[in-house]
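Take these sequences, add in the hints, and give me the full structure.
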Amino acid sequence: MEEIIISTIQRTMVAGTPLLLATTGEIICERAGILNLGVEGVMAVGAVTAFIVTMTTGHPWLGVLAAMAAGFAVSLIHAFTSVTLQANQVVSGLALTMLGLGLSGMMGKPYVGRPLAIKMDDLAIPLLSDLPWIGKALFYQSPFLYLAIVLAIAAWFFLERTRMGIQIRSTGENPKATETQGINVSLIRYACVLMGGVFSALAGAHLSISYSSSWVEGMTAGRGWIAIALTIFALWNPGRAIFASFIFGGIFVLQYLLQPLGISPNFLAMLPYLSTLVILLAISFRDPRRLNAPAWLGAAYKRGER
Amino acid sequence: MIRITTSDRYNITPLRSFMTNVVALGAGIVAISFIFLASGVNPLYAVSQIFIESFGSVYGIKETITKAIPLILIGAGLTLAFRAKFWNIGAEGQLLMGAIFATWTAQHLGSALPSAVIVPLIFTAGFIGGALWGIIPAILKIKYAINEVITTLMLNYICAEFLTMLIVGPWKGKTRFGFPGTDALPDAAILGVLPGSRIHYATLILAIVCSVGLCILIYKTRFGYEARVVGENPDAGKYAGIDFLRTSLILMAISGGLAGFAGVGEVAGIHHYLGYPASVSSGYGFTAIIVAWLAKLNPLFAIVSGLFFAGIIVGGDAIQISLGLPAATVEIVNGLLLIFLIMGDYFLHNKIQVRSSRA
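Chain order of the listed sequences is V and E.
The first sequence maps to residues 2 to 307 in my numbering.
The second sequence maps to residues 70 to 428 in my numbering.
Be aware that one or more of the hints could be misleading.
Stated by the list, open to error - Derived lysine to aspartate or glutamate pairs resembling DMTMM-like cross-links, with alpha carbons at most 25 Å apart:
no., chain 1, residue 1, chain 2, residue 2
1, V, Lys110, E, Asp386
2, V, Lys303, E, Asp77
3, V, Lys303, V, Asp122
4, E, Lys212, V, Glu218
5, V, Lys177, E, Asp304
6, E, Lys154, E, Asp77
7, V, Lys177, E, Asp386
8, V, Lys303, E, Glu301
9, E, Lys420, V, Glu218
10, E, Lys307, V, Glu174
11, E, Lys365, E, Asp77
12, V, Lys177, E, Glu301
13, E, Lys289, E, Glu301
14, V, Lys120, V, Glu218
15, V, Lys303, E, Asp386
16, E, Lys154, V, Glu218
None of these hints come from the bench; they were simulated from the model.
Below, the structure is given as C-alpha cells:
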C-alpha cells in the first residue's frame, strides 16, 4: 500500500511537470495579451531538439539548451505575425502547431525507436530525499520538476511583484494606456511570446530526455492544449498553475490506477480531456466573472491607434 | 533616409485579394523549398512532383477530387463559423461523430430498407451527429463563457477515444479477424462511385450544393448578416436584439453537420466500415481550417481551395513514398502555407509605402 501511494505521488509529479512548464509559459504570454495556440507544436519541436542534441552530444543539459533555443526560434514566427503584422492570433497559433508538429516529425524520423543511452538523471535533494514517505516521492525526481516549480514561483514573483511584471500585465489589460507611459508594447509582447516558447520547449524536452528517453512522433499527445486550458483554470496566475498542473498530473496517473479495475482504457484516456471541460465548467458555474482574462487577450494592437 | 509608413487600405477588390493569396502561396512554396533543400531533396523536383502527382494525370485528378470532398464540406462549414469568430477547431471530432451516427444507422436499418431510403437516412444521421458535437461548444461558449478553441479541441480527443472504445468493444466486427473495426456496412448503405474511381458522387454533389447554399445564406439572408455581426461587432449585435445563443447554435449545427456529412462520405463511400479514427479522417478537420482561410472565408471559394489542398495531400503522399520523406512533410507544407497566407492578409489590409525622405 505504502509503495502504491509513493509511486502514485511520484508519477503525479512527473506527469504534472511538462504541464506546469508549458502553462507557466502560456500565462506569461497571455498576460501580455497574446494568445499562443502554438504550445503543442513548440513542445514537439523542443522534445525532438532536446532528444537529437542529447543523443549526438551525450550531454542532456546541452539538449535542454538546444531545445530552449529552438523554442525561441519557432515562437519568433508567432511573435512576428501576431505583434508586427497584427495577424489573427488564433490562426497564427494553429499554423505554428501544424508547423511544429510537422517539423518535429521530419527532424525526428531517423531517431524513431532509438533509445537514449544517457538520459537526464533524477536528482536527489540531500536530506529531504531521506524523509520517510514523501522523501522519495517528492525529492528524488527529475531536475525538470524542480525547475518547473522554481520557474513558476519566479514567474509569479516577476509578474505580481516587479515593475516589469506590472508593465507586462498592463500591456495585456490596456496597451494604449501602457504606451502613453512610454513603454514599448511591441517589445514587451515579443519578449513574452518568446519566453512562453522557451517554457513550452522545456516542457517538450522533459518528455523526450527525462520522462521517456526516446522520441515518438506525436508524443506531446495534446498536453500543449491542456496547458492552454490550465492557463484559464489557473486564472492566469503561475502560483495557481502549480496546483492546477499537479491535479492534472494526477488525472493522467488515474488512468493507470483504474485500468486494473477493468475500466476501458479508451475511456480512461478520455479523462484528461473530459476533466478539462468539467473543470472549466465548474469555474464558470461558480462565478463567470472570475474567468478574468486579460482584457486585450487575443487582440492585435496597432501603435498610435486611438 | 528611408521611411516605411503603413496606412489602412479600404478598397480591397476581389482581384487584389486573389492576387495576394497567389503571392502568399508562392512565397510559402519558396519557404517550403528550403525545408526540402535541408532534407537533401531537390526542391524544384519535389514541388513540381507534388502538383504533377495530384493534377497531372487522370488517376491523380480522381484521387484529388476524392480527398477534396471532405475538405470542401468541412471548409465551407468553417467559413460560416469563422465569420462569426467562432473558432471551431473541432471539425475532426464532428466528422468522427457523423461517421459514428451514420454507421449505427446503416448497421441497424441498412439491411431492411432500400438504398433510396437508407442513403438519405445515413446522411441525416451523420449531420445530426456532427451538429450535436458542434453545438456543445456553442452552448458552453454563449452560456458559460468557456473558450471554444479549448472545448472543440478537447471534444476531438474525446470523440476519437469514444470511437476507438466502440470499435474494440461493443461494435467490434465478427469479420475483422480480431482486428478493431466494425463489420462492413450493408450494401444498401454503400455510396455509389464514379466508375474507375473512388469519387462518391452523392457526397461530391452535396459538397458543391452546400457551398453554394452557404454562400447564399451568408450573403443574402438575415441569418447570414446576424452571424457576421456576432463576429464583427458583438456589442452592436446585442443592441440590435440578435439572439447570440440561437445564432451560435444554428451556425455551429451547420458547421458541425457539414463535418458530419464528410464523416458519412468517408465511412459509406471510401472505407465501408468504421475503423480507427486516424484512418477515418486523416486530419481533414485541421486541413480544412487552411482551406477556409485560403478561401477568404467565402464558402464558394472553398471548392477551389479544397481542391488545391486535396492536391497537396495527394501529391505529398506520393512524393513521400518516392522521395523517402516522412509523413510529417504534408503537415509542414500546410503549416507554412497557412503562415504565409496570414502574412499576406497584412499586406492586403495595409498599404506599405517606402519613401526616401530628405533629412
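For this session: Compare the distance between the alpha carbons of Lys307/E and Glu174/V with 25 Å, and conclude whether the hinted pair is satisfied.
Result: 23 Å, holds
For this session: With a cut-off of 25 Å on the C-alpha distance, tell me whether Lys212/E and Glu218/V pass.
Result: 37 Å, violated
Exercise. If you draw a straight line from the CA of Lys303/V to the CA of Asp386/E, is it 25 Å or shorter?
Worked result: Roughly 41 Å separates the two Cα atoms, so the pair is violated.
Exercise. Would the pair Lys303/V and Glu301/E pass a check requiring their Cα atoms to be no farther apart than 25 Å?
Worked result: Measuring from Cα to Cα gives roughly 18 Å; hence the hint holds.
Exercise. Regarding the pair Lys420/E and Glu218/V, is the alpha-carbon distance no greater than 25 Å?
Worked result: Judged against 25 Å, a Cα distance of about 42 Å means the pair is violated.
Exercise. Keeping to a limit of 25 Å between CA atoms, is the pair of Lys177/V and Glu301/E held or broken?
Worked result: 21 Å, holds
Problem set entry | 25 Å limit on alpha-carbon distance, applied to hinted pair Lys177/V and Asp386/E | Violated, at about 48 Å.
Problem set entry | Pair hint outcome, Lys365/E versus Asp77/E [Cα-Cα no greater than 25 Å] | 18 Å, holds
Problem set entry | Straight-line alpha-carbon gap Lys154/E to Asp77/E, limit 25 Å | Holds: Lys154/E and Asp77/E sit about 22 Å apart, inside 25 Å.
Exercise. Given the proposed pairing of Lys120/V with Glu218/V, does the C-alpha separation stay at or below 25 Å?
Worked result: Roughly 18 Å between the alpha carbons, so the hint for Lys120/V and Glu218/V holds.
Exercise. Given the hinted pair Lys154/E and Glu218/V, is their alpha-carbon gap at most 25 Å?
Worked result: 32 Å, violated
Exercise. Is it true that the CA of Lys110/V sits at most 25 Å from the CA of Asp386/E?
Worked result: Since the Cα atoms of Lys110/V and Asp386/E sit roughly 16 Å apart, the hinted pair holds (cutoff 25 Å).
Going through the hint list in order, the structure does not satisfy hints 3, 4, 7, 9, 15 and 16.
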